[in-house]
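Asker: Assemble chain B with the ligands onto chain A, guided by the hints.
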Amino acid sequence: MSATPAIRLPPGRRVWRWFLDYGTGAAVILGLLLAWELAVRSGTVNPMFSSSPSRILVAGIDIARDGSLARHLLSSGYTFFVGFGLAIVAGVPIGVFIGWYGWANRAFSPLVSAFYTTPRIAMMPLFIIWFGLGLGSKVALVFLSAVFPLIVNMQVAMQNIDRDLKRVGDAYGASQWQLFRTIALPASVPFLLTGLRLAMGRGLLGVVAAEVFGGSEGIGYLIEYAGATFRIDVVFVGVFLIALFGIAMDRGLYALSRRLDSWKTAG
Amino acid sequence: MFRSLKARLDFAVPAAATAGASGLYRPPVAGTSHALPFQRQGGEPAPAGASRSNGALAATGVSIAYTNSSTGEVTPAVSQIDLTVAKGEFVSIVGLSGCGKSSFLNAVAGLTAISGGTLVAGGVPITRPGPDRAVVFQRPSLLPWRTVLGNVIYGLELQGIPKREAHRRAAAYIDLVQLGGVEHFYPAALSGGMQQRVNLARALVCDPDILLLDEPFGALDAITRETMQKELLGIWETTRKTVLMVTHQIDEAILLSDRILVFSDRPARILAEIVVELPRPRPANVKALPAFTRLETRIWELIQETARGRGRL
Ligand SMILES: Nc1ncnc2c1ncn2[C@@H]1O[C@H](COP(=O)(O)OP(=O)(O)OP(=O)(O)O)[C@@H](O)[C@H]1O
Ligand SMILES: [Mg+2]
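Chains as they are written, first to last, in this note's numbering: chain A, 1 to 267; chain B, 1001 to 1313.
So here's chain A without its partners, still in its complex pose:
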């Protein structure tokens, strides 16, 4: 009955595995960047329109030196985290509520679906009128972009609770609250993480869209302004920063989900 220890790969093999896991993707990206650079240097592609990795790097260092990059990053980060945070605080309980009670589901599901499918950017002019051109309207857009994936996922989570498990809770005399705490909540973790990843993507989209739409700072503004003044290299700096941020967040959430779901595999 004692567990045999899991077989460990020898160090060499482990490095190789790690390299396969992360190296392959990195190699593809590096290869593309290299090809891009070569295409520009050899004159095949006009850097006027495409810029090049080295030019982007130089532009990035430039705007980092003069402090404008930090200002834009800070502004975007602030907008994103406030909107995303509010979306979590509001969206998770609302989704749970709608999913848990049958009547709430019947009452609010159509409304949620309607909002879920409407492109939020269409409401930006309204937000500007309501909340002004500053932080308020931008946060509102991020919030509304991120909140619906969370609501919908938590709603689905509540509706997909294993009936056998619910019956176990019933049989052992669980109250509604105990059923929720000991069964519904833990069972909803994978859905929550899916919701968070979706919300993150939508939220990022919201930040950039809001800043492009109006405003005077943020990565979205940086991209928009650089585009209008034909600074392709700076546009790419902004795009890459957003991509990097997205990858980092996604990886982080993935790691979190592996931690929280460790029971799926762990002994």
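Simulated from the structure, these hints should not be mistaken for lab results.
None of these values were measured; they are calculated from a predicted model.
Please note that a few of the clues may not be correct.
[To be verified] Below are the DSSO-like pairs computed for lysine-lysine, each with C-alpha atoms no more than 27 Å apart in a straight line:
hint	chain 1	residue 1	chain 2	residue 2
1	B	K1087	B	K1287
2	B	K1163	A	K166
3	A	K264	B	K1087
[Said to hold, decoys possible] Residues of chain A placed beyond 12 Å of chain B at every Cβ, according to the derived structure:
hint	residue
4	P93
5	G136
6	S262
Note that beta-carbon positions come from the ideal geometry of N, C-alpha and C, so glycine has one too.
Answerer: Okay, now just chain B with the ligands, sitting in the frame of chain A:
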């Protein structure tokens, strides 16, 4: 790691007798690593043929019907069951797959509403689950995000019993079902048989008046099943808990039960009621006794008859 239950009981019972009969839980006696709460009753002889008025469970004309919520179609699953189970009696239900055994058991558990008749446990009509009854489900149905230990203490936790106390009680039952050493494993890392033993321990640890078993050993291999049957027999012989068990194994039903109910095909009625008059405690060679084999054949034939009605033979 596995010490035989018998040996432990021989050791534990005298100690228990000195520990006083009152109190829900007797703390482990020094020297025993774990003591099972029910062992305090170990010395007392069973109320031989306990009077039927002293009923732990009484069903009169119980019917169960399922209504399909979209088509409105009504499926009768159980029809007009009359049954009295005495306190401390071990009753088994056998019958064809899908005949309504689980439905009846779930009604006793308070999980399925009855559509007719009355169902009373310990003098109180059954309307919902209660701590006086515990179910071992047909499927293990463990909470996958809880370890073995976390699953075993689930019922105690819901009752508001402090964690330390719950852990202490659970330890004895984890040992009993031979899961010592894997307490901190998650269900995903357990074999089907191990999961089913957690399912059993989870019910036993609640120390209910009536234990409801739905094919508790159906998923186990023959050897493990036999061990578990002996364990259950040992547990029952010490605790004399009222047990209602559904099983497909005829020999299992005979080995363990005082009485066996043969259910007809759906909707289930009681087709026959067979009193098992084999000595208690059941001798080791019980399966070789002619009386055992005779019962086996008789029940087999009864079930075969119900199958004939289905056009299976
Ligand atoms: N929740 C339900 N809704 C509708 N019909 C059900 C439901 N549960 C069971 N039934 C039906 O009731 C009948 C009896 O089911 P039940 O689970 O009681 O059978 P069983 O005797 O336990 O069978 P098995 O030995 O295969 O476990 C079956 O025909 C089944 O389809
Ligand atoms: Mg069944």
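Asker: May I ask you to check that P93 of chain A keeps its beta-carbon over 12 Å from the closest beta-carbon of chain B?
Answerer: holds, 21 Å
Asker: Given the proposed pairing of K264 of chain A with K1087 of chain B, does the C-alpha separation stay at or below 27 Å?
Answerer: Outside the cut-off at roughly 42 Å; violated.
Asker: For the pair we were handed, K1163 of chain B and K166 of chain A, check the Cα-Cα distance against 27 Å.
Answerer: holds, 22 Å
Asker: Grab the minimum beta-carbon distance between S262 of chain A and chain B and tell me whether it stays above 12 Å.
Answerer: The claim is violated: S262 of chain A sits with its nearest Cβ about 8 Å from chain B, within 12 Å.
Asker: Hey, K1087 of chain B versus K1287 of chain B, does the alpha-carbon distance stay inside 27 Å?
Answerer: holds, 26 Å
Asker: In terms of Cβ atoms, is chain B entirely out of 12 Å range of G136 of chain A?
Answerer: holds, 40 Å
Of the numbered hints stated above, those contradicted by the structure are hints 3, 6, listed in ascending order.
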